[in-house]
Each structure stands twice: as C-alpha cells, then as structure tokens.
Amino acid sequence: MSDARDYKATLNLPKTAFPMKANLAQAEPATLARWERGGIFAAVRAARQGAQPFVFHDGPPYANGDIHVGHMLNKVLKDMVVRSALLEGRDCHFIPGWDCHGLPIEHRVMTDLIAAGKAAKLDALPEDTRRMAIRRECAQYTEKVIRKQSQQMQRLLTLADYAAPYFTMQPSYEAATLEVFAGLLEQGLVFRQLKPVHWSIANRTALAEAELEYEEREDPSVHVDFEAVDPAAVGAAFGVECECTPSFMIWTTTPWTLPANLAIAVHPRYRYALVEMDGALTVVATELLPKVQAAVGASDVRRIGEADGAALLGLQYRHPFCAREGRIVGADYVTLEDGTGLVHTAPGHGEDDYRTGLRESLDIYCPVRDDGTYDDTVPEWLRGKSVWDANALVIDSLERSGHLVKAISFRHSYPHDWRSHTPVIFRATEQWFIGVDRPARRSGESLRKMAIDAVETRVEFVPAWGRNRMRGMLESRPDWCISRQRAWGLPIPAFKLPGGAAFLTAASVRAVARVVAEKGSDAWFTLSPADLLAGYDAAKDPDAPAGLDIAALQKMHDIFDVWFEAGSSWHSVLRTRGIGFPSALYLEGSDQHRGWFQLSMLPALGVTGEPPFSALVTHGFLVDRDGRKMSKSLGNALDVETLLKDFGAEVARWWVSSAPYENDIRIDTDYFRLAGESYRKVRNTLRFLLSNLFDAPAWSIDEAHRLAAAAPRETLDRWLLGELAALEADVRAAFRGFDFRRAHLAIFHFCNETLSAAYCAAVKDRLYCDAADSPRRRSTQAVMRMAVEVLCRLLAPILPHTAEEAWRALHGENAPLLFTQVHVGIDAPRDPRWQSVMDACTAVSKALEAAKQRGIENPLDAAAILPDPQGVLEPFAAELADACGVSRVRLDRSIAAVEIEDLRSEPRCERSWRRDGTVRARTDGGMLSDRDARAVGV
RNA sequence: GCGCCAGUAGCUCAGCUGGCUAGAGCACACCCCUGAUCAGGGUGAGGUCGAAGGUUCGAGUCCUUUCUGGCGCACCA
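Residues 1 to 938, numbered by our numbering, are exactly what the first sequence covers, in order.
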C-alpha cells in the first residue's frame, strides 16, 4: 500500500519473438535453406504468372576463382533490381549466367597439367585428340568453379533461376551463338584478313596477352636514314631549297622488321626540323633534336628549316634495301619520348602499324613465315634467314649502303612465350573479323553507325556520362577480331577448301549449329567435315563456292573470342528461352562499356537491327579506404567469405545499397561495422513496432488501413500515415530509377527519425498506459501495423532475409512468401501543418536542455508553454505533450519563446510517471492520473 | 599520353538550372531515461568545399590550369 506499489503488471508492455540480435551469420543460411525447400524462385514466378514481364539479363561473370567483392557489389545491385521489380508486381525471370571458355581457364588447366607431368604426353597426341583432352579438363574445371560460385552468389541472398542457369559452354547456348554468327555472315559483316598477333616461333602459334612473360633482352637499336624520293618536295615542305638529297631518320629496336617497312609515321601536330647533321641532310622532330644528336653522336648540327608534321604527309622515300618506295603518313600515337619523332611503320609487325596500314590502305605485309624465317619476297640475302639472324645482316647492309646513322645495343623488357621462354615476334596472320564500317545488307548502314545512333537515341544511361563514354569508344573502335588460336572455346566452323581459301557461309554455319545443339562444340573435334555438314545442302546455299566437294574440306581450328559468346547472350538466353527482347537493362561495372555492353550491341544490331538493351546501368569499382584499387598483391583486398562470416549478407547488402555506385566505391571493414550499426537501428525499430502489435486484433491489411486513416487529421497517427505514404512513394520511385542509395537513406531516415525519435517516443505512453482496447491505442496499433507492412516490402529488395523475418513475425510461420506480395500503395496526403508541431518539439527540446540548469532533468518533470501567436498549434493541443515528451503543454498566444514550467512539486502518477494535473489518490491507495485510474479500473 | 569520372566536416555522402550565417547520418563530447535495455531520447562541438588563377554584384556550384585517385584505351617503334 506504500508508494512502492507496482503498476508494471497493469501496463501493455511490448512482447515479440523477433529478436533484437540478428545473428545473421547463422540465421541467413537457415532462411536460404527454407527458401530452397519452398522452391522460392518457382513460387515467386508462379505468383507472377501472367503479370507484365520485366526483362532483365545477367551478364556472365568469368568462371574462374572465388567470387570477390566486385561480384558481390554487382550481384547485390542486380538482386535489388530483380526484387524491386517483383514487389512492383512484375514477372522477372532472371537467369544467372557464366562465361566458361577462354584463355585464363585454359591457362590454369594447362598449368595444372604441366605440374602433374602430363603436358608431354598431351603434346604427343594428334591435334584433335590433344584439343579434346584439354577441353575435357577445362570443362571439368569450369563446372566445378560454377558450382562453387553459384553457392557463393546464393549465399548473398540473391534470387535467380539458379536451377536453370546459362553457361556459354552449354550445347544449346553454343548453337545459338553460332546462329548469331550466321546472322552476321548473312549481313555481310564477317570477313577474314591479315592481322599482327604475338607469335611464338618455338610453338608456331599465336599467343594472347596472358600467355606472355616479359623478360629482359638485349636488342640492337638503330637510327636509320631513309632517303627522300623527291628532294624538291621535301624542300618545299620546309620552305627551303635542298642542295642534296634529304633523308627521314627513324629509330627501331627491331631491325628485322625493316624489310616489311611500308611507311614512316609522323605526328601531324608536332614540329619537324630539316637539319644538316655531320654533312647529311635529315629530318627529325624538333623537340627530339638534342636527344637524337646525343644518341647518334653528331657533332655538327645545323637547322635548315622547320615544318609541322602535317606538311610532311605524303612525301615519299626510298626503302634502303628493298626495291620500293614508302610514304610519310600521320599517326597520333607518335610520341616525343624517344626515337626521332618519325616512326618506322610495318603494318604486318605491329598493332599500331597495322591500324595505320589499314587506314592508309597499305598492304598488311608480313614476309616472315610461321617458323620465323623470311619468305621469298625479301631481298635475296635475307631469304630463308631467321629473323634473329636478320638483325645483324640488316645492320650490316645498312652500314654498307650508308643508311645506318648509328647502331647500339639496347636492353629492354621484351615479351616471351610463357612456355618455351623464347622471345615472341609480332607477325601478321589471317584472322576473322566483324567489320564495323561495312554496310549491313539489311539497311546499308554500318555497325558503327547503328551503334552510335542507338547510343545517342535509343538507350538510357545511368549515370548519364556513360553515353559520351560509349560513343567515344564506338567512334574509335577498330574492326572486331573474333578469332583465337586456342583449344578451349567455341570453334569458328570454317573449313579450308583444297585451294586454301576458307569456306564459311550462313547456311554452313547453321548446319554445324544443328550438330552442336545436339552434341556440343566437341563435335567439331570429334566429327568429320562430312558429318558436321550432314544437314548442309550446297545447292540451296547461294553463297556456296562453285563445285564444293565436302569430302575435300579440312576443318580450321580457330575458336571464337569469348566476348563473341558473351555478346550473343541476348539471343542465346533471352530469345532462345523466350524471356523477351530487348532487355530492359544491363547492369555491370563501367569497364563493360568496352566489354559486354558494346560487344552485345554489335552482334544484336547486326542480326536484328535493335540494341539488346533499353538502359545501361553501370557501377564503379571497389577501391580501398585510401582510394587505391583492390589487389591481392597490395594485400588490401577484402574477402567475401570473411565479410559474410563477420557481418552477414544482410549487412553487406545494406552497405551496398548505401553506396554511391556510379563512382568508385571505397570499401573497408570499418564501413561494414558502420552499416551494421545502422542496420541494427532499422531492425530495432521494426522490433519495437512488432512488439507493440502483440495484442492487436487480426485486422486484414485493408481494415488496418481504414482504421488508421479514420483517425482525426490532427493525431500523430495520421501524421505518421502521411509520412509513411510519402516514404513508400519515394522509395518505390528510387528503386524504379535504380537509386538504391536514395531508397536506403529514405528508409533509414524514416526508421531513425520519423519512427524511433519522433513517433515511437510519442506514442509509447498511450501504447503502454491506455486501456488495452482503447480506441486511441488501437488506432496507433493500426498505423504501426501499416508501417510494418510497408517497411517489410520497402526493405525486401535490400534486406530480403530481415524483411521476411519481420513479415513472418507479423503473420506467422505459415505466412505466404513476402516476395509473392506487392507494395501496399498507401494513399494518404501529407498535412503541412505538422511542420509547426515538429518545430515546436525541437524548440521544447532546446528549452529543456536549458532548464537542466534549474534542476529539471527529466522531461516528465516539466510542462511546456508554447507560443502560438497564429493559433496554428491549437488543433493539435491533445497531441502536443506526447509529441514533445513532457507531462503537459499549454498554448499561449502572447509569448515569444518556449517556456518550461517546473512540475516537480506536483504529484506524479505512479503508473505513467506523468504529472498531468489530474493525479490524486485513488481507491486502491495509489496516486494515479485520471487516464491511468480508468485503465486499471479504479 | 588520350577519353570518361571523382576529390565538400574524422568517416560515408546531400548540395538542382550560380544568390540568405555550406546540410544530413555515423563516429565524438556532454546530458536524460532505465516499462524498446547487449535498447531509447536530447544537446553540442566539427568544414580555407583538393590547389591556383579567372568570369560575375555574388561560385562548393561556370571556365582554365594543376595535383591526387579510379575505369577504359593506347604506348614500350
């Protein structure tokens, strides 16, 4: 009967099974298992049967190694797209894919084979058998990696058709890729041409960049004078008279490529000087003159004239030892770092030279055979000689003919074959290309033009600068070399005719595609040309060569660039599986502007005339906290598995959603700790809502909505409903615009400020102290119920596990899957008058802070007197004390600032701890306010 | 070297077409609550807006240069 009377038992205190601690590392796998048991993807799709499809296509990651944080970022962003589309009621059949072929896997497998001592045995096998053996190893390895990566991606709680993914090595996929190729052939966009590649003389094969090792090597470095054909023309270019024949001086470290010299490149914007150097008239870049003078040891140098590189274009020179003339061409890759500013150009022996050669219509001339010796087109004294022996011979010849200015020995790093450790050369070989400037038969437009048009008018870019970037890349991109000389890939189904020419037509490719669809691309290695072309009828093929004899054909051995396979996925997956075309968007790292985006667009435009996507969303790269790129060697790479173990996928996803993905993103375990904190805040807010619904009636969502909306406009409940509606609209719009960060911030702000700091704090008193079934308390519960319903859905794309956990806490273990639901769609206007109430609350907080000086430390020991000159607050009078957290509030039209009244001398309700002025002794002996007395029935 | 992007409080970021003392959140400090409690609330202190020029009545916001970092491309003849 004393003041120690315990009213706690009479309060409606919150109860919930939704735990405060998420324990994500353990709870997530359980959720995954439950999803798997319930066949979540099939269930969700069934719920969306007949709904408007949302076509979204996964770019295939390369099937090598474990997933890294970059995969995590990409896959989680995609998952937020998939899940938010589902919540909008769209049917999204998202198929995860993997890029399976290619050198890194072959390289990896070969390394293992060599380590296992099997390489020599392999080399002894016949060609097709050897390739098949390698391919079998590669396929096994790739399958293993895919299984592992698939698990890792699912562990990120991503939702996709993991039961039926696509692999670029699936027979159906391979066949569809060949169909795309056939389509391009039909459009006249495929051709075969010489192109320089890294060539291993020891292994007589082309090598890719990854197969090169750079080693130190000593090479001769020579300065050579090339005599001008027309001294007068040179003189004119420099505005002087030439008394003797001027030369153009070049510098090279590969004298053996000089027999293939067809041009000299200058930079049109650089200045070039005509100089008299130790008696000889020669041209070098003005800026390099001192360097050249030092390099060749010239003692007497006199400048005769000067001109722009542009003025030299078209001038001709005599090759020093081959019977032909070359000309000066322009090239912007010419630098003033070393050399003479005039670059020896051999289109058959260098990438740049090659491109210049194409532009200038030069021969892609390569007099070097696959064994590294010269053919018969070179001067007699070089024929049959190895290029390495040729260096000395060439220098000797130049010396004797007086063209050599200076020869020295030069140490530099030079590419070597990673297997034989012998130096490689650049050598032009025949390759297959997709031409970007050839007219497509359909429209007469080139791929380049179609692509630039598409980028400019038909594709949305997020962020917008991607458009410029991609346009720039398209404007300058060369023809696409699609052939590779490897084993692990999709064969280019070309045959060699007896005369040596290639046989490859749309119809022949389709015939092979039918075989591949059934037997996979291994068929190319195991079947004869006749079997491969069993379904081919030359009589019906307008492109068939005359007198084709299938029995005389030989298979060729190039495989496709893996980008061609990945770049065909819009057909191999979207069209072949009936998902829809084009995709609403592709979402990848910004490096894919040159990669998958561009290399998907070119085949799609070629075959269909349409770009394969309507929008491109790109994200930046993850860098460490100092902005440096992640790399194993720097030791700053974060490990996905460790992150998941320490923080859980949900915290990782919460962090991803907060990242400004359009730029590079700094990542660090500290940021995950931070994300964990804010995740906890959201979780606890949800928990508070759920825990106060423990005794709420089992309203349907519509009933709860009606009840909440029925409260007077001046109640906190209506305020919250308006905020909730605004949040829902804002977050949904953010998801639609792929602005996950905005969604994240809006949700967090709502949980942290609107709910936790404002609403929950304000309504605690009525929830706990009002009679359990009082209309005021039920109204609040109805609003809270709506808040949980809405928040579960808004959070679901970001935090699928937590959202569903809350959803199940609300609806029970047998609740339908959250992802079969759609957004609630609350329609409640925001009442601008609330702003004044919120401002008043802030003012009260500040005034209370000051009142602590007077000893008023607990807000419930205070009354607030609020200035209300316009009477704006008047209608809200009944809610102000709760909103401000004080015992009571009085309005005064005549004061200018908030005043705090000390209530410590007034009696305090033993149940609600408030001093609201109605507190007095009751029949049970306790000191209670009117409301509390009624609630306990005394 | 070329193209694109970014550089705002200790950290992560807002600041639209230039205009009131540059805003959040987290972290930090101090305080309240102890009936959301391995929770909750309040108040506060933090910034030469990468640097240097320039345009303008006025620039974080426009222009130029420069530094740092990222992506892509090229180069190593």
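Check the hints yourself; a few may be wrong.
Simulated pairs of lysine-lysine, DSSO-like, Cα-Cα distance not exceeding 27 Å [as the list claims (entries may be wrong)]:
1. LYS555 x LYS121
2. LYS555 x LYS496
3. LYS118 x LYS144
4. LYS555 x LYS681
5. LYS540 x LYS519
If you are wondering where the hints come from, they were derived from the structure by calculation, not from laboratory data.
Structure-based check of all given hints:
no. : hint            : result
1   : LYS555 x LYS121 : holds (24 Å)
2   : LYS555 x LYS496 : holds (6 Å)
3   : LYS118 x LYS144 : holds (21 Å)
4   : LYS555 x LYS681 : violated (65 Å)
5   : LYS540 x LYS519 : holds (25 Å)
Hint 4 from the earlier list is the only one contradicted by this structure; the remaining hints agree with it.
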